[in-house]
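Here is what each chain is made of, one letter per residue.
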Amino acid sequence: MSEATTDQPLRAVSPTDEADRAVLVRLSAGDLDALEELYERHGTMAYSIAYRVTGDAALAEDCVQEAFLGAWRSAERYADSRGSVKAWLLAIVHHRAIDAVRRRRPTSELPASEAPAPTELQAPDVWPEVAGSLEREEIAAALATLPDAQREAIELAYFEGLTQPEIAARTGAPLGTVKGRVRLGLLALRRALTHEGEPVDAVVDEEGAT
Amino acid sequence: MNDQCRLVEEQAAGFVLGALTPEEERVVREHLATCPEPHREFEELGGVLPYLAESVDVVEPPASLKGRITAAAAAEAAGQAATTPTLVASNTGTPTTAAPIAISDARARRRSPLTWVAALAAVLAIVAVGAWNVGLQRELDAARRYEAGLSAVLDVAGQPGSQTAVLTGEGSEAPSGLAAVSSDGRVTIVMRGLAPTRGSEVYEAWVIGGDGTPVPIGGFAVGDAGAATFTASGVSAGPGVTVALTREPAPGATIPTFPIISSGQAVAPST
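Just so you know, the sequences run in chain order A and B. The numbers in my numbering rise by one with no breaks, and the one at position 199 of the first sequence is 199. The numbers in my numbering rise by one with no breaks, and the one at position 173 of the second sequence is 173.
None of these hints come from the bench; they were simulated from the model. Because the structure is a prediction, the values reported are computed rather than measured. Each residue gets a CB set at the ideal place from its N, CA and C atoms; glycine is no exception. Treat the hints loosely; a few may be bogus.
A partial selection of chain B residues facing chain A, derived with a Cβ cut-off under 10 Å [unchecked claim]:
id, residue
1, Asn2
2, Asp3
3, Glu10
4, Gly47
5, Ser64
6, Ala74
7, Val267
8, Ala268
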């Protein structure tokens, strides 16, 4: 494999996913209370993502509603497959939000993709067993380790749904450079996140003060 | 790994981020579908996305969103129930198609309404254990919501001196339900199969005593799920009162707008 393949898999089945999976099984059996529970567990995060991407409260609500209804309809299909339930759900929300902003973007000639995010390609539960409240700081720290241009390229792709040619147009950088930034940036982010799993001292020593 | 694989690997980050052009994405998908190489980089980079999702600032959704989502899902389930034939498990556990439990059946009217409720609960219990049909489960869930309303009615019905009415209408598709009238003037009604109300429309509940004069006791709106629970208190109702529902263009009607949607005469439950 290429040298860029990482050292350590982002894998751990967290207690969160065990509980989510139980909810999903009930959801696939048509249990409406399970849908409520799923919303209580992940609705805020889903809305936060949709709002970040769309910047529009009403549109964000629609995206969240569509995502949860989509989960309601297809829970049966997903119940048997691997992967984090939370990641699957948030990926649906993210995808719908991106579709919404792409549709509203006049200059985008790209058709909105109807297929949900490629769930079969996402790793099994990626949420480590670290306490939830620490994760956002760890992620922010990991993102901060990226060179600005790489972080910007990833954020334009993930939070604004721009394609690489569109990122090139937005930033004024050549397409090849953008492709490099997207690839290197995501690889670097993954490396930074896997190191977040190590004891805090090690992280501090490694990152140091910039 | 050949050159094509290498080129595809280089697209992995762009692919998982959805940043490829449609043509680029098509090429990658086709390759992944047919290539024997595991191409683990896709899975590994894909695993980063949930962290990006988690990194956003937390914004609380409006409190009404939860209810809207569950109501929409319930409406879908109820909509399926309307088109799916009701399946009743036979004693051998083999599903057979039977007529929907028809409480408009005259026999049901002569039996105590509580017997009908017990029969419905028994059917729900039998099929719930099986859980062999997702569509049926959704129908059952819509029924379960109705059943939850039934428990409110039964609470009233269980009080000494209470009477109950099975509400029925014209035709097998008519809205149906159960009403309990307590001796201290509480009336609780649970209905299913009601057409949703629009705008200021309401279903108005009436009690009709021996003198035949309909007395309004309150109105309620109905959403897409078609099921509703309604309670009124301070109602003056003698034995054998008739409980009726009409559909009114606005709340506050003093004279019912015909036709009567659903009605039934209350009886004291047999001991």
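A quick look at each hint next to the structure:
1. Interface restraint check: Asn2 (chain B) against chain A, minimum CB-CB distance 13 Å, threshold 10 Å, status violated.
2. Because the smallest distance between the Cβ of Asp3 (chain B) and any Cβ of chain A comes to about 13 Å, over 10 Å, the interface hint for this residue is violated.
3. With a cut of 10 Å, the hint placing Glu10 (chain B) at the interface with chain A holds, because the nearest CB-to-CB distance is about 6 Å.
4. At its closest, the beta carbon of Gly47 (chain B) sits 3 Å from a beta carbon of chain A; the interface hint therefore holds under the 10 Å criterion.
5. Because the beta carbon of Ser64 (chain B) sits about 9 Å from the nearest beta carbon in chain A, less than 10 Å, this interface hint is met.
6. At its closest, the beta carbon of Ala74 (chain B) sits 6 Å from a beta carbon of chain A; the interface hint therefore holds under the 10 Å criterion.
7. The interface hint given for Val267 (chain B) is violated, since its Cβ lies 33 Å from the closest Cβ of chain A, which is over the 10 Å cut-off.
8. For the restraint placing Ala268 (chain B) at the interface with chain A, the shortest Cβ-Cβ distance is roughly 35 Å, beyond the 10 Å limit, so the hint is violated.
Hint compliance for this structure: hints 1, 2, 7 and 8 are broken, all remaining hints hold.
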